[in-house]
Amino acid sequence: MQNNNNKLINKVTQSDYKYGFYTDIETDKAPKGLTEDTIRFIWEKKNEPDFMLDFRLKAFRHWQKMKEPTWAHIQYNPIDYQDIIYYAAPRKKPQYENMNQVDPELLETFNKLGIPLEEQKQLAGVAVDAVMDSTSVTTTYKKALSEKGIIFSSFSEALQNHPELLQKYMATVVPYTDNFFAALNSAVFSDGSFVYIPKGVRCPIELSTYFRINAANTGQFERTLIVAEEGSYVSYLEGCTAPMRSENQLHAAIVEIVAHKNAEVKYSTVQNWWPGDKKGKGGVFNFVTKRGICKEDNAKISWTQVETGSAITWKYPSLILKGNNTTGEFFSVAVTNNMQQADTGTKMIHSGKNSRSTIISKGISAGKSNNSYRGLVKMSKEATNSRNYSQCDSLLLGNKSGAHTFPYIDVQNKSSIVEHEATTSKISEDQLFYCLQRGIDVENAIGLIVNGYAKDVLNKLPMEFAVEAQKLLSVSLERSIG
Amino acid sequence: MTELNHNNNSLKHDVFKNILVGLYEKNHDKIIGNSSVIIQKLRQKAFEHFKQNGFPDKKMESWRFTNPEPLFRDDYHIDFESKFRKIDVSKIFTCDVYDLDTYCITLINGWFAYQNSPLSRLKDGTVIGSLYKAMEIYPDIVEKYLGSVAKINEQGLVSLNTAFMQDGLFIYVPDNVKVEKPVQVINIVDSDKPVFIQPRNLIITGKNSNLTLVHCDHSLTHNISFTNTVSEVVLHENAFIDHYKVQNKGRNSALLTSLFFLQEKNSILANNVITLNGGFTRNQVDLSLTDENCTADLNGLYLMDRNQHVDNQVFVDHAASNSRSNQLYKGILDDQASGVFYGKVLVGRNSQNTKAFQNNKNILLTDETKINTQPFLEIYADDVKCSHGATVGQLDTDALFYMRSRGICERTAKQMLMYAFAGEVVKKISIEPLRDNITKLVEKRLKGELSICDQCILNCSSREPRFIQNILD
Chain E
2 MQNNNNKLIN KVTQSDYKYG FYTDIETDKA PKGLTEDTIR FIWEKKNEPD FMLDFRLKAF
62 RHWQKMKEPT WAHIQYNPID YQDIIYYAAP RKKPQYENMN QVDPELLETF NKLGIPLEEQ
122 KQLAGVAVDA VMDSTSVTTT YKKALSEKGI IFSSFSEALQ NHPELLQKYM ATVVPYTDNF
182 FAALNSAVFS DGSFVYIPKG VRCPIELSTY FRINAANTGQ FERTLIVAEE GSYVSYLEGC
242 TAPMRSENQL HAAIVEIVAH KNAEVKYSTV QNWWPGDKKG KGGVFNFVTK RGICKEDNAK
302 ISWTQVETGS AITWKYPSLI LKGNNTTGEF FSVAVTNNMQ QADTGTKMIH SGKNSRSTII
362 SKGISAGKSN NSYRGLVKMS KEATNSRNYS QCDSLLLGNK SGAHTFPYID VQNKSSIVEH
422 EATTSKISED QLFYCLQRGI DVENAIGLIV NGYAKDVLNK LPMEFAVEAQ KLLSVSLERS
482 IG
Chain U
18 MTELNHNNNS LKHDVFKNIL VGLYEKNHDK IIGNSSVIIQ KLRQKAFEHF KQNGFPDKKM
78 ESWRFTNPEP LFRDDYHIDF ESKFRKIDVS KIFTCDVYDL DTYCITLING WFAYQNSPLS
138 RLKDGTVIGS LYKAMEIYPD IVEKYLGSVA KINEQGLVSL NTAFMQDGLF IYVPDNVKVE
198 KPVQVINIVD SDKPVFIQPR NLIITGKNSN LTLVHCDHSL THNISFTNTV SEVVLHENAF
258 IDHYKVQNKG RNSALLTSLF FLQEKNSILA NNVITLNGGF TRNQVDLSLT DENCTADLNG
318 LYLMDRNQHV DNQVFVDHAA SNSRSNQLYK GILDDQASGV FYGKVLVGRN SQNTKAFQNN
378 KNILLTDETK INTQPFLEIY ADDVKCSHGA TVGQLDTDAL FYMRSRGICE RTAKQMLMYA
438 FAGEVVKKIS IEPLRDNITK LVEKRLKGEL SICDQCILNC SSREPRFIQN ILD
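Protein chains in written order, with the working numbering: chain E, 2 to 483; chain U, 18 to 490.
Keep in mind that a hint or two might mislead.
If you want the footprint, here are the derived chain E segments under chain U, 3+ residues with CB under 8 Å [what the hints assert, rightly or not]:
1. 410 to 420
2. 446 to 459
Using C-beta positions, here's what the derived DEER-type ranges look like [what the hints assert, rightly or not]:
3. THR178/E x ASP31/U: 26 to 32 Å
4. LYS168/U x GLY453/E: 39 to 45 Å
5. ILE80/E x LYS75/U: 27 to 33 Å
6. ARG62/E x LYS168/U: 41 to 47 Å
7. LYS168/U x GLN432/E: 36 to 42 Å
8. GLN392/E x LYS168/U: 56 to 62 Å
9. TYR390/E x HIS239/U: 42 to 48 Å
10. LYS444/U x THR173/E: 48 to 54 Å
11. GLN392/E x ASN44/U: 51 to 57 Å
12. THR307/U x PHE42/E: 27 to 33 Å
13. ILE154/U x TYR390/E: 56 to 62 Å
14. LEU58/E x ASN44/U: 56 to 62 Å
15. LEU58/E x THR307/U: 29 to 35 Å
16. GLU165/E x ASP91/U: 57 to 63 Å
Under the rule of at most 25 Å between Cα atoms (straight-line distance), these lysine-lysine pairs were calculated in the BS3-like manner [unchecked claim]:
17. LYS348/E x LYS464/U
18. LYS66/E x LYS76/U
19. LYS75/U x LYS382/E
20. LYS387/U x LYS382/E
21. LYS369/E x LYS372/U
22. LYS68/E x LYS378/U
23. LYS282/U x LYS378/U
24. LYS348/E x LYS378/U
25. LYS444/U x LYS461/U
26. LYS431/U x LYS461/U
27. LYS378/U x LYS444/U
28. LYS431/U x LYS402/U
29. LYS280/E x LYS369/E
30. LYS76/U x LYS348/E
31. LYS169/E x LYS59/E
32. LYS29/U x LYS415/E
33. LYS68/U x LYS29/U
34. LYS348/E x LYS75/U
35. LYS387/U x LYS415/E
36. LYS415/E x LYS461/U
37. LYS76/U x LYS68/E
38. LYS378/U x LYS382/E
No lab work stands behind these hints, which were simulated from the structure alone.
Don't be surprised by glycine CBs; every beta carbon is placed ideally from N, CA and C.
All chains should be built: construct the whole structure from the sequences, respecting the hints.
Below you can see the structure in the form of structure tokens.
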């Protein structure tokens, strides 16, 4: 069987990255390197309000004083921050009125990715705010949403139209002083998405954004801000694919979520950026700061992520459960293959009474990859009667991969209960044997077992996404049998 | 402000380091004593390392939750010249595990105290005694093993001990020998001044040998003391060691122990660390499973109250295949006590068929207590079964309700539940008299009575000193 597996590995590892194509659209770039001038360039280019320049410069000056963190279980060649182009936007930026006006080449790109932008958008019922190289190109369903008072737009548009909301909420969850990559993002972020759900409104559709890194040698620094007012509900989806590149591409994003009283936010991600080739050359460096705050009583925020891409993943979607009776959830599947390295997990910081959190993390490591779960559960003295349950399982495919678990548990009161469980094992021989015995080949059997293993998390994804995630998982698995 | 604090901290840290460095340089000749050239080289190297790295500080990942700052004092007294002494130990202290028939050894302030001979050889060839003496009589053995198991790392505690080491316990069990009676070591701190003690223990068990070792830490006074112990334990092929550490120290004592185990093929280790009292306690257990088919059972129990602090650091390195390790650490924290558990299992690339389990359970009794637990797994082999679990919570309310409905008062019911919680670790003690004694101590502890052994100052008893089993026959 070992032989069989090896053959299969060879066969499937030869297959190239499915989404690795390159669209030739003239881009408008900032000069290489990062100085205060670069920041002024971005600010001018984007025609932002004055407070933004102040914010960006403060962040930049703080960033200069910071050191790149080294505590994560990942290794990479030092990043030359002066060798990066910090701003790239498609040159033509007309305000489209209908789809026919969109650059056909761009539409082609989206079609290849299978994004339901045109006819499909109706079928899928998804409003897509497609961000291509940091500038929003088209926004759909805007009218239907605006009737309800929902704001769903690119970050730059929001800066023009709703500066007061951004000034109120931006950087309140992730301040620019938070960490090295958050400071960098705050200084140079080019675009992103902004969602505002007014009081008592239940967003009727799933909001979705596709990010793509397109032009060579440009980092993408987007910023997402979601604000859910009292009693509102929104489900937000984010998905990523990136074309093949030989140099590493830096991606440092920030996502902030604010949930007010009785509000609920569901944030789902499928991340499939180019992981680099079999020898570990190239691939996207993904350093992301995601954090939500359940600001008032009974709020609920839920993170669901399926991570299959990136050469390096450094990502800890966190939650601050500040209000009483708040709920936080984190569901994650992280697959690493070849030379990929992932250090991902979550932080649940309880400071409200009776707050609840659940963490389900499933790691799958294959090839020579390393997959780490790193998490913190903190119960402060005030968070009485709070509850956390964490489960982090790791599955190892192949004897050259590594699976690691680094949970931190910090409890400071007597009435909270924290439970953490984790297991690491390889695919059960018995289950495999059972499948083979029933005439299912090795590849499918492993797919079946792993899909079952990750089911707890996949089930949490919205329907449209679950299909895509399952497809992604099996594509990743095809290449990962050991 | 933070920056100022930070600078202040590192300043204190440097001052303390310089005090220790100064003490070493000033007393260099006394410290060297009878050390051979090889030992002296080891010592000098360790000193240079300490000089460079200094004492641990809060910025280190493994010291994040245990602030070493209270240990930084400039008035520590170090006894460089006592040498091992001839003392009738029974006049000072007797152990109150009366039914325990042991070879009993006492270290007073880190120096070996003996009645007849500082180093004795039993009929079966086992050597038990003072490390200082062993350096003279068995230099080959000491030079071969000393410093070979203990890892000198950036934390500086091991290098500090290696630089200052003078005396401690030495046990050598030859191949195929089963040591009949358990060896009991009692570390006593007895001083009217703040003392700094650095005992060094070296325990070597030959092929197919068998040893039971009970290690007790006691204080005789309420005076400030700082103990930095390093123990190196080697288990050769097929050896079996049953090791117990019972810690019952005064509230002003700081106890830092670093226990290093090296296991060879088919060896079996059972290690139990029971911390009942102590102002500041940090136990580091470092286990290397270097060859196939090793088994290691690591258990710990800590019952802390007032403002005591306990920190258990367990590192298991599975460097070979087919081995098994199991960790179970449980703790109950009361009043303002704080606790830290850090457990790390490392399974190397070639360590297939490893089974490694890790479990840490805690009960917090008040809102002022704090616990930090970090059960880590780092795994590079695929054919493994590893799991870890950590819980923090309170007593099971359903169980409590059940007992209350059966007419058991709340206080008793709570005690019964707590005792059952601790019992999981206590019942793993295989020496019956010791288990009974620990059971008694735990019961007393949970009832809120002081659980210090009867002889201790915290509960002075007028009981007649019992006969101490002499190691000499």
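Okay, the hints, checked on the actual structure:
no. : hint                            : in the structure
1   : 410 to 420                      : holds (count 11)
2   : 446 to 459                      : violated (count 0)
3   : THR178/E x ASP31/U: 26 to 32 Å  : holds, 28 Å
4   : LYS168/U x GLY453/E: 39 to 45 Å : holds, 42 Å
5   : ILE80/E x LYS75/U: 27 to 33 Å   : holds, 29 Å
6   : ARG62/E x LYS168/U: 41 to 47 Å  : holds, 42 Å
7   : LYS168/U x GLN432/E: 36 to 42 Å : holds, 40 Å
8   : GLN392/E x LYS168/U: 56 to 62 Å : violated, 33 Å
9   : TYR390/E x HIS239/U: 42 to 48 Å : holds, 43 Å
10  : LYS444/U x THR173/E: 48 to 54 Å : holds, 53 Å
11  : GLN392/E x ASN44/U: 51 to 57 Å  : holds, 55 Å
12  : THR307/U x PHE42/E: 27 to 33 Å  : violated, 59 Å
13  : ILE154/U x TYR390/E: 56 to 62 Å : holds, 58 Å
14  : LEU58/E x ASN44/U: 56 to 62 Å   : holds, 57 Å
15  : LEU58/E x THR307/U: 29 to 35 Å  : violated, 56 Å
16  : GLU165/E x ASP91/U: 57 to 63 Å  : holds, 58 Å
17  : LYS348/E x LYS464/U             : violated, 37 Å
18  : LYS66/E x LYS76/U               : holds, 19 Å
19  : LYS75/U x LYS382/E              : holds, 22 Å
20  : LYS387/U x LYS382/E             : holds, 9 Å
21  : LYS369/E x LYS372/U             : holds, 22 Å
22  : LYS68/E x LYS378/U              : violated, 36 Å
23  : LYS282/U x LYS378/U             : violated, 31 Å
24  : LYS348/E x LYS378/U             : holds, 21 Å
25  : LYS444/U x LYS461/U             : holds, 17 Å
26  : LYS431/U x LYS461/U             : holds, 14 Å
27  : LYS378/U x LYS444/U             : holds, 16 Å
28  : LYS431/U x LYS402/U             : violated, 35 Å
29  : LYS280/E x LYS369/E             : holds, 9 Å
30  : LYS76/U x LYS348/E              : holds, 21 Å
31  : LYS169/E x LYS59/E              : holds, 17 Å
32  : LYS29/U x LYS415/E              : violated, 34 Å
33  : LYS68/U x LYS29/U               : holds, 15 Å
34  : LYS348/E x LYS75/U              : holds, 22 Å
35  : LYS387/U x LYS415/E             : holds, 9 Å
36  : LYS415/E x LYS461/U             : holds, 22 Å
37  : LYS76/U x LYS68/E               : holds, 15 Å
38  : LYS378/U x LYS382/E             : holds, 19 Å
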